[in-house]
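Colleague: Chains as they are written, first to last, in our numbering: chain R, 1 to 390; chain S, 391 to 792.
These are computed hints drawn from the structure, not numbers from a lab. Errors might be hidden in some of the hints.
[To be verified] List time: in silico DSS-like cross-link candidates among lysine-lysine, alpha-carbon distance up to 25 angstroms:
(1) 173(R) - 193(R)
(2) 219(R) - 751(S)
(3) 185(R) - 271(R)
(4) 92(R) - 124(R)
(5) 222(R) - 710(S)
(6) 291(R) - 222(R)
(7) 751(S) - 185(R)
(8) 442(S) - 124(R)
(9) 185(R) - 173(R)
(10) 748(S) - 668(S)
(11) 710(S) - 765(S)
(12) 277(R) - 291(R)
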Amino acid sequence: MELQIVRIFAFLLTMALMSAVRADDISAAIDVLRAVRPGAADSAAARNAVQEVTTGGSQALLPLLHGFRDATPLSVNWLRNAFEQMADAETKAGRQLPQSELEAFVADQSQSPFARRLVYETLKRTDPGIENRLIPDMLLDASPEFRRDAVALLMTEASHLQDAAIATPLYRKAFSGAVHEDQVKTIAEALRKHNEEVDIQKHFGFLSQWSIVGPFDNKEEKGFAMAYGPELEVNASLDLNLQAEYDGQSAKVRWQSISTTDDYGVVDIAKQIENYKGSLMYATTTWTSNKEQQVEIRLGTPNSWKLWVNGQLVFEREEYHRSSQLDQYRVPVNLRAGSNTLLLKICQNSQTQDWAQRYQYQIRICNSTGSALLPSSSTARSEIGSGVRQ
Amino acid sequence: MKWIITFLIVAAGTRPLSLAADWRQFRGNAANSVATGETLPTELSGDTIAWKARLPGRGLSGPIVIGEQVFVSASSGYAQDRLHVISIDTATGTQQWDREFIATGRTLTHDKMCNATPTMASDGERVFAFFSSNDLICLDLAGNLQWFRGFGSEFPNASNSLGMSSSPVVLGHTVVVQVESDAESFACGIDVESGVTIWQIDRPRAANWTSPAILPATDQQSALVLLQSSKGLTAVDPVSGSIVWNFDQGASTIPSVTVDSGSIVIPSNGLTAIRPGKDNTFEQLWNSSSISPGTSSPVVVDGWAFALNSAGVLSAGDIKTGERLWQLRLRGSFSSTPITANGYLYLFNEDGNAFVVKPEKDQGIIVSELDLAEKILCSPGAANGALYVRSDAHLFKIAERH
Numbered sequence: 001m002e003l004q005i006v007r008i009f010a011f012l013l014t015m016a017l018m019s020a021v022r023a024d025d026i027s028a029a030i031d032v033l034r035a036v037r038p039g040a041a042d043s044a045a046a047r048n049a050v051q052e053v054t055t056g057g058s059q060a061l062l063p064l065l066h067g068f069r070d071a072t073p074l075s076v077n078w079l080r081n082a083f084e085q086m087a088d089a090e091t092k093a094g095r096q097l098p099q100s101e102l103e104a105f106v107a108d109q110s111q112s113p114f115a116r117r118l119v120y121e122t123l124k125r126t127d128p129g130i131e132n133r134l135i136p137d138m139l140l141d142a143s144p145e146f147r148r149d150a151v152a153l154l155m156t157e158a159s160h161l162q163d164a165a166i167a168t169p170l171y172r173k174a175f176s177g178a179v180h181e182d183q184v185k186t187i188a189e190a191l192r193k194h195n196e197e198v199d200i201q202k203h204f205g206f207l208s209q210w211s212i213v214g215p216f217d218n219k220e221e222k223g224f225a226m227a228y229g230p231e232l233e234v235n236a237s238l239d240l241n242l243q244a245e246y247d248g249q250s251a252k253v254r255w256q257s258i259s260t261t262d263d264y265g266v267v268d269i270a271k272q273i274e275n276y277k278g279s280l281m282y283a284t285t286t287w288t289s290n291k292e293q294q295v296e297i298r299l300g301t302p303n304s305w306k307l308w309v310n311g312q313l314v315f316e317r318e319e320y321h322r323s324s325q326l327d328q329y330r331v332p333v334n335l336r337a338g339s340n341t342l343l344l345k346i347c348q349n350s351q352t353q354d355w356a357q358r359y360q361y362q363i364r365i366c367n368s369t370g371s372a373l374l375p376s377s378s379t380a381r382s383e384i385g386s387g388v389r390q
Numbered sequence: 391m392k393w394i395i396t397f398l399i400v401a402a403g404t405r406p407l408s409l410a411a412d413w414r415q416f417r418g419n420a421a422n423s424v425a426t427g428e429t430l431p432t433e434l435s436g437d438t439i440a441w442k443a444r445l446p447g448r449g450l451s452g453p454i455v456i457g458e459q460v461f462v463s464a465s466s467g468y469a470q471d472r473l474h475v476i477s478i479d480t481a482t483g484t485q486q487w488d489r490e491f492i493a494t495g496r497t498l499t500h501d502k503m504c505n506a507t508p509t510m511a512s513d514g515e516r517v518f519a520f521f522s523s524n525d526l527i528c529l530d531l532a533g534n535l536q537w538f539r540g541f542g543s544e545f546p547n548a549s550n551s552l553g554m555s556s557s558p559v560v561l562g563h564t565v566v567v568q569v570e571s572d573a574e575s576f577a578c579g580i581d582v583e584s585g586v587t588i589w590q591i592d593r594p595r596a597a598n599w600t601s602p603a604i605l606p607a608t609d610q611q612s613a614l615v616l617l618q619s620s621k622g623l624t625a626v627d628p629v630s631g632s633i634v635w636n637f638d639q640g641a642s643t644i645p646s647v648t649v650d651s652g653s654i655v656i657p658s659n660g661l662t663a664i665r666p667g668k669d670n671t672f673e674q675l676w677n678s679s680s681i682s683p684g685t686s687s688p689v690v691v692d693g694w695a696f697a698l699n700s701a702g703v704l705s706a707g708d709i710k711t712g713e714r715l716w717q718l719r720l721r722g723s724f725s726s727t728p729i730t731a732n733g734y735l736y737l738f739n740e741d742g743n744a745f746v747v748k749p750e751k752d753q754g755i756i757v758s759e760l761d762l763a764e765k766i767l768c769s770p771g772a773a774n775g776a777l778y779v780r781s782d783a784h785l786f787k788i789a790e791r792h
């Protein structure tokens with residue numbers, strides 16, 4: 001009898017040790033996937049790691065999903081392929097995924113939005129009811145896709161209501177979570193139809209007050225690479241001098257203020273100033289942050305551009321008239337606490353086609369979900385000439 | 391005897407590389423729109439739709455076929471940032487797997503395009519899915535990720551705000567991608583197995599939607615990859631990336647060069663035909679401004695050069711002289727490149743109408759039509775007697791009923 005107890009104990013101990021070793025292997029494999037670098041040098045190691053994780057079965061499932069947190073987009077793709085392989089294998093083996101644990105994972109906003117969405121869509125295939133259980137609480141979720149679903153539910157509900165007094169609060173609620181242009185546009189139309197005031201510009205966090213100077217020469221598109229007055233100041237690590245006068249394309253030019261009331265924050269140089277062909281302008285504004293934080297500066301323009309934040313060139317793009325869309329470019333930027341200075345160089349070429357006459361930009365500041373971040377205060381820099389308003 | 395048995399066991403366990411029956415990349419195995427050895431149905435009707443399989447999201451990419459699997463890419467999500475690689479059973483239309491990834495590059499495109507515009511490619515053992523976001527994904531045939539190259543993040547300025555469409559081609563152990571835009575351009579050869587860049591060359595900085603073509607090996611010259619741009623055409627050694635010769639008379643940035651029987655037909659000033667000669671030279675055979683393609687790439691086969699313009703006018707020329715022989719007006723607008731099999735042309739307009747055209751000496755005859763009633767922008771694939779074509783929502787298999 002005693003011998004039998006010892007044997008059972010030894011077996012359980014062995015199993016526990018094996019399980020611990022296995023968990024260590026899985027954890028190490030997940031670390032490999034999280035460390036994949038751009039290029040393909042790590043691919044062989046990543047393939048082995050995926051195999052290690054997938055053979056771990058359900059034991060590896062939640063550690064794998066937790067591994068998505070703060071992973072790079074490249075690593076996310078390796079991790080999600082491992083999850084898909086694992087989920088396929090479990091399904092083929094006739095085993096169910098641990099529904100309740102996974103549903104709790106989806107609801108946990110501290111986890112990676114990519115992982116939560118992946119699990120949600122996997123569960124939804126066999127359990128459509130998960131939508132009604134989870135989505136209504138996801139209006140302000142960290143995942144734009146969950147937000148979109150939650151907004152869509154509210155929009156559908158509101159659209160079926162005849163009584164504006166009941167529909168309007170629902171639309172307002174939907175508006176509060178909407179981060180996608182199509183939804184915002186539809187909700188805004190519905191609210192305005194009911195004579196409700198809607199501030200789309202503020203909702204998206206567009207920067208509407210600017211100081212602008214130009215035109216400078218950009219004939220033959222040579223100006224993109226040329227540094228004129230304001231850019232020379234930035235290159236010399238100087239503060240912009242908004243009182244300065246520069247040699248422009250055909251005359252002396254000075255900073256002037258410009259603002260936009262366009263719903264989508266479009267500063268239209270061609271309409272508000274003039275469509276100087278073969279020219280470029282510099283525009284600047286400040287954005288006051290109440291803390292040091294990473295944000296996304298999102299920009300849309302059909303023109304070539306360079307953007308500096310606090311004197312640092314954060315991105316440049318030499319492409320003319322290939323379309324302009326909201327959030328066309330997403331530039332991650334670290335802002336400091338206090339005042340942050342943006343300087344935009346915006347270039348127009350000399351193309352003569354009708355579709356090549358736009359000279360404009362729209363810029364907003366938001367978080368990674370696309371939800372607006374509002375400044376402590378946002379103003380065009382300094383006290384300068386009379387404003388040009390659209 | 392033992393080695394014969396061993397060989398048979400190994401052969402049975404290895405994927406047969408039945409190249410002739412596959413359709414491995416944009417415009418087929420030779421990247422020239424010719425379905426060599428295929429006999430496809432010519433009398434199209436509802437009865438010839440063997441199946442249609444539901445697809446997620448959107449896609450302009452054409453299908454490719456490896457053995458009994460047809461692969462297609464798609465992109466979904468509000469921002470078109472969800473990348474799909476899908477495997478479907480050729481016999482039943484049943485989806486075998488759908489692997490999803492997150493785009494690492496820019497995903498916005500013109501409304502007519504989408505992230506899944508380039509057609510996939512394969513070496514018979516792996517598939518390579520390329521997207522407008524410049525993500526190049528390699529999977530084995532079971533859907534296991536082999537490597538992932540995020541050129542969108544490695545080269546953040548190599549993008550086009552209208553979208554990128556160049557499809558990769560495979561030559562030997564190299565998958566060649568052409569990434570060209572106003573802001574940054576390059577082409578590179580990637581090792582199919584490891585995903586590592588073997589070579590990379592600078593390309594003209596200008597928007598370009600064309601795809602590479604293949605110049606087959608001859609006794610004097612190994613196979614070359616042909617890269618087209620607004621500057622012209624560049625022949626590149628796919629192993630080393632070295633430039634072998636340049637045609638510098640300019641070329642279109644939308645329809646792509648094609649090759650058949652040693653003639654290289656370039657969408658340049660209408661169409662221009664050249665023939666490679668000795669010592670890395672080439673001679674110009676003819677130029678014809680009266681045979682001019684629109685979005686669709688030209689097709690060269692059996693002594694003909696065909697060009698389809700965007701308004702649906704099919705022009706047929708003599709491949710020897712470039713002389714235009716006849717024109718045939720089809721119906722609707724066209725974006726997709728036709729393919730040819732067994733002496734017939736297969737063309738799909740944007741409204742989803744398929745046309746089977748029999749080219750004759752002095753005219754083209756429409757043999758049959760089929761309305762798929764869905765927008766078709768992709769170029770079809772052909773394998774094992776079947777034609778495969780996709781809309782955003784569906785993949786169709788068109789074949790004779792047996």
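Colleague: Among all the numbered hints in the text so far, which are the ones the structure does not match?
Modeller: Result: hints 2, 5, 6, 7, 10, 11 and 12 break, sorted rising.
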